[in-house]
Amino acid sequence: MKKLSQVCCSVFLCIATTVVCAQSFRVQCPSNTITHPDPNNAGVNNSEPTYSGPTNFSAGSNGYLVPSGNVNGAIKCQQVSGGDGYATMADGTQTFMFSFGPLSGLADIAAGLPGTQFPNIFNTLYASYNPHTPLQPGDPATTDGATDYGSGGTYQVGSSAFTWNGAVGEVPDVPYVATIYDISESGNTVTVVLNTQVPFSVGDQVIISGTGTAYDSPAGQAFTVTAVGVNNTFFASNFAFQYYNSKTGLAEINEPGNATAASLPVVDGHVDPRQIMDVGVMNGNIPAPLVAFDEDDELFLTLTNVGMLMRPDLFEQHTIHFHGYPNASSFYDGVPDASVAINIGGSFTYYYLAPDAGTYFWHCHITPPEHLQMGMVGQLYVRPRQNRLPSGTSLYTGLSWQQGDLRTACNPNTDILCSTTLPAAGDNGAVQGKDKLNSPQKYVYNDGDGSTAYDVEYPLQIHGFDPNFHFVGMTFNPEAFVDMKDKYFLLNGRSYPDTVTPGPQATQSSDGRMHYSQPMPSIINIPYQGKAALRIADLSVSEYTTLASLGIPMKVVGWNAKLLRDQEGNNTEYYTNSITLGGGESLDVILDASDASCGFAGCAAQLYPAGSVFYLYTPNLDHLSNDAENFGGLMTEVHICNSVTSSTYGNQCN
Amino acid sequence: MSQMNTKYAISNRPVLKLLVTLVVLLAIPATFAATPGITGGSKTPVFNLTAQDAYLNQPDGQGVYSWGYGCNGSPSAFLPAAIANATCPTMQVPGPTLIVTEGDMVTVNLTNNLPAAAGNTSILFPGFQVMAAAASVQPANCTANFATAASQTPQGLLVVEAAPGCTVSYTFTASTPGTHAYYSGTQGDLQIEMGLYGALIILPANPPAACDSTNTNLYGQQDWATANHIPGAPEKDFRLAHAAYDHAKTCYDREYLFQWAEMDPNIHKAAVAQVTAKSGCTPGAPGCSLNIATEPYHPAYFVINGRSMPDLMDPNYAAEYPHQPYNGNPHMHPGERTLIRTIGQGRWQHPFHEHANHVRILARDGNLILTPDAQALAGILMFDTDTTPGDAFDGIFYFTARGLNWDAYGHHAPAPGTTPGTGASDPYGDTLATLPCIPDANGYNTGNPAALNYYEWCQDHNKPVQKAPFGDVEAGGPATLPDPNIFTNGAWYGGTPYFGPDATLRAGNPNCASTTNANCTLLQPSNIQANPANERGWAFMWHSHNEREITTNNVFPGGMLMMMLVDSREFVIDESN
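Going down the list, the sequences are from chains A and B. The working numbering puts the first residue of the first sequence at 1, with every later residue one more than the last. The working numbering puts the first residue of the second sequence at 1, with every later residue one more than the last.
It should be emphasised that the hints constitute simulated quantities derived from the structure, not laboratory data. Hints should not be assumed to be uniformly reliable.
[Unchecked claim] Just so you have them, the derived chain A footprint on chain B, three or more residues with Cβ under 8 Å:
| no. | stretch |
| --- | --- |
| 1 | 367-377 |
| 2 | 476-482 |
[Said to hold, decoys possible] Derived contacts from chain B toward chain A, CB cut-off under 7 Å, selection only:
| no. | residue |
| --- | --- |
| 3 | Pro351 |
| 4 | His353 |
| 5 | His358 |
| 6 | Leu404 |
| 7 | Asn442 |
| 8 | Gly443 |
| 9 | Gln459 |
| 10 | Ile486 |
| 11 | Phe487 |
| 12 | Thr488 |
| 13 | Gly490 |
| 14 | Trp492 |
| 15 | Tyr493 |
| 16 | Trp538 |
| 17 | Phe556 |
[As the list claims (entries may be wrong)] List time: in silico SDA-like cross-link candidates among lysine to any residue, alpha-carbon distance up to 20 Å:
| no. | chain 1 | residue 1 | chain 2 | residue 2 |
| --- | --- | --- | --- | --- |
| 18 | A | Lys485 | A | Tyr544 |
| 19 | B | Lys269 | A | Val482 |
| 20 | A | Lys485 | B | His298 |
| 21 | A | Lys485 | B | Gln349 |
| 22 | A | Lys247 | A | Gln205 |
| 23 | A | Lys485 | B | Glu295 |
| 24 | A | Lys485 | B | Pro265 |
| 25 | A | Lys485 | A | Met474 |
This structure is a prediction, so every number in the text was calculated from the model and none was measured. Using N, Cα and C, we set each Cβ at its ideal position, and we do this for glycine too.
Work out the full structure: start from the sequences and follow the hints.
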């Protein structure tokens, strides 16, 4: 099926135009690649293997290196829409956005989780591809039964009935269909002469239909191509192929034109645009869908531009800028001036090999002052391979292994831009163990000493909306930039008190449907004596913002997706109770509630007892407001819990 | 007086430019930047500066009334010497970049030629022990109005100032190398806003020998050029020094200086109105002063080196900007260590986002940040380097395309049975497609300094990106490249996922024209000027990530935005304009 993997569009267009495969919407999510081979088709890239040594390479037959041992990482895929939508501000105002929305991983996104999936999840068809149970506009909120604000003034999330995480729109595709000119048989060998060049290869499966005779493939069966390029009396040899047929004695037929030879349907990234439009239009999220994957993964991130329902006058392109990707290619950098931009009606799959672990973020790079202010900003982080060390492995040993692959090594003597130097203090004895949730211990970086370990993690996006700008953005151009003034100050797209409301927040859109507009609360639940990693990214378009922690110290371990460590391996992490970021900056903070003492001698109480509540808030005091409401803004709560269940975002405080 | 007002409203540049910003953008020729400045002689350099007013040109067609420092007479010399058309006008923003060497005894004589109503002015050199005194000889229009030395060069709040028409002399020892700011120490909320700021670069007295001996050819660019690939056009050295500090970890290959500031046109309008109204008033007399509100503050121009994009990327000393001589147009070859000298000169912070890679902070205000044993660097890595008012930092940047997981040069293995590096090995006779990549200890191809693909990341050598063949570039990669019919592309787009003219050529027309290959999917660049066919570098945006600042007076694009290009070695980066 080699040919099938190369198909990028419907057969009719491909065969008619042999120069360019025209396309509109599509996704890409291969189950294997050069970097992540799966020779036995065993689905090895559908899970993350443990990291037990650096990847070994050997020279492949095609002249480039191929992995030959310790193949690390897997394949991840995600699809997002570029378009528009509405969000609900904490004062109840519906605000128009230019925005990204989820077009894969819908259930996970609704649960506040990353929408990034392994190939087998991404390529799972909705309702097993039953045309009578299509996705509904507004899904997953529609299937969940989400409704507008209820009697208590709170919106109703509904059930969690929607559990599917595949790629919206993906349907089986018949890569090649060709009409038959003549079909004949000699013994068990059938020779088919097509009206076009044979698109099949030896070994491909073909379905013969419409011959009106016994040549037609029996239901559910296909023939295997045994030869292509067969001399015949009608056309050139490359118009004919042969297959083996157990049935013999069939007479030759010169077909009238409705007989076809077709490939078997496969799931190869072909999509049904109806489903894309049904779900993708007006499904904007703030923050944009969360992207998270692991070091050594390959990520196929598809942007599908569905257009903006509320702004039919605009022909806005969109792009994805993976902010902070080290040694980025210009091609996948998403800057329209230096690359391509995706027009309405098109899809583009961005391809990345996971960079070094860290907290990055992503956003559209079209007219950034406008598209970022209007909401096209999302979070993105890469987990370290140290998370994948076998239990009991020395963290120092694990980091030493990474020196064995030049791509993952950090040699400070020659590379001025790497930070995961081996710890200067040597092996401090830290080994891979369990966190307070009894899951494998997680880290923000490959630290080699456990200094970035945490129990629970929370992406926190700082952003601001200027309601005047959004109103102008919904109605007419031009917008003014000089007097841009944010009035809603957002943590993960919500202001206090919405930041502490569990579950997804839904907004009724112009189609009358509820949409999950703001899926991520910002409740920080920390298990007793535990540590929470806050992956903080500031996407504000207009100003610097400070976020402070009342009570629990902030341990800053990373800055701009790099471990805070000098070139001799000394950690330069520091404790503080406030951090300040400008637009386009990120850092990693560990809220460290591990201290079980009471803070001073002789006291009875503990510093961070279970059941206590602390606050994250902005000391930019004018940002503690929701437009005209002098209350709210950039603030959320930190809960110390007896325990938390599940290691995922939005976890339960017990 | 009406003349000045008129000049503000109707500048000497066409207002039409507001409407055709993008067209202008497309017409940008390949010009480069370096770190131009002036010198004042050896050991005891002297700089004679003047503070004056003039109009700054902005891409919306406005001329913005401003004050700036400039040269009072010709400077001792211009650096780098190879940059053509160097000038030092009597007013420029930023002020002249003063280039001295560590240990020099520096004298700066500042004459206050601002309008009389502007009052006194001065210069602060933060970080240095400055002695100030009246110049021994004062201009006649100084002595006419001010009889005593105390009134000619009075002690201001922060520093000794020059009264209108008078000259103050500052002397200090250039004690610490690196990039430093200088700016007005008099009513800074107004005078710095009006443009009275500049940069002082102090070169290390003892740059490490390792930098000197190896850095000239450290990355082999000159070797490449002189290996007769580009006869007669060797790559020139535009560095001011070979190291930023007296430390072997601070060697560099290129350098650029970026000074960030913003301007509120209301303040500038008020200044020109009041200066005009009080034209001819007696310096120092009651009422011969300005009363300009500097709050509330609504900047509309966000400038780097006094210019907004796209003017920013025009050449140094371009005639269109007689009072804004310095540009921002960084270029580099893969692997070259680029020194980024940055100063926050306005009143706001700006997150300076360098696309393409991180920046290692070397030093702040000339203070090298080292590990406890002073042997290695300890400054943090940032992809957004905050520019903070009054703060200067030096950072090191480089780009190699490491770890992308495909061959960024579009190489492919020689065909079976053919000889690598010969025309016969490639169906199109392109020997550059089959260059070898031999990894050094860090994985880069550095064994042959004259190799075209010097500093290629070898782990991905020959590895395809596209599933299907892309021109002459082999197939089998993970990704399916886009259909050119449904994409828009920009002025700096190279046309392919590959790097350098030969690579994009291989992925492009010659082969597509002669083959029936169904996957000859070339996305033609939309222009041939900003990143022309003989360049085809990878372009990255370097800009303020408080994104509203990449606008000019409410119009996008503009403001604090420039494109950085990583160029193949086939393309000589000539920073001499």
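Quick rundown of the hints versus the structure:
no., hint, result
1, 367-377, "holds (count 6)"
2, 476-482, "holds (count 6)"
3, Pro351, "4 Å, holds"
4, His353, "5 Å, holds"
5, His358, "5 Å, holds"
6, Leu404, "5 Å, holds"
7, Asn442, "5 Å, holds"
8, Gly443, "4 Å, holds"
9, Gln459, "6 Å, holds"
10, Ile486, "4 Å, holds"
11, Phe487, "4 Å, holds"
12, Thr488, "4 Å, holds"
13, Gly490, "4 Å, holds"
14, Trp492, "4 Å, holds"
15, Tyr493, "6 Å, holds"
16, Trp538, "4 Å, holds"
17, Phe556, "5 Å, holds"
18, A:Lys485 to A:Tyr544, "13 Å, holds"
19, B:Lys269 to A:Val482, "16 Å, holds"
20, A:Lys485 to B:His298, "11 Å, holds"
21, A:Lys485 to B:Gln349, "16 Å, holds"
22, A:Lys247 to A:Gln205, "17 Å, holds"
23, A:Lys485 to B:Glu295, "16 Å, holds"
24, A:Lys485 to B:Pro265, "18 Å, holds"
25, A:Lys485 to A:Met474, "17 Å, holds"
Comparing the model with each earlier hint shows no violations; every hint is respected.
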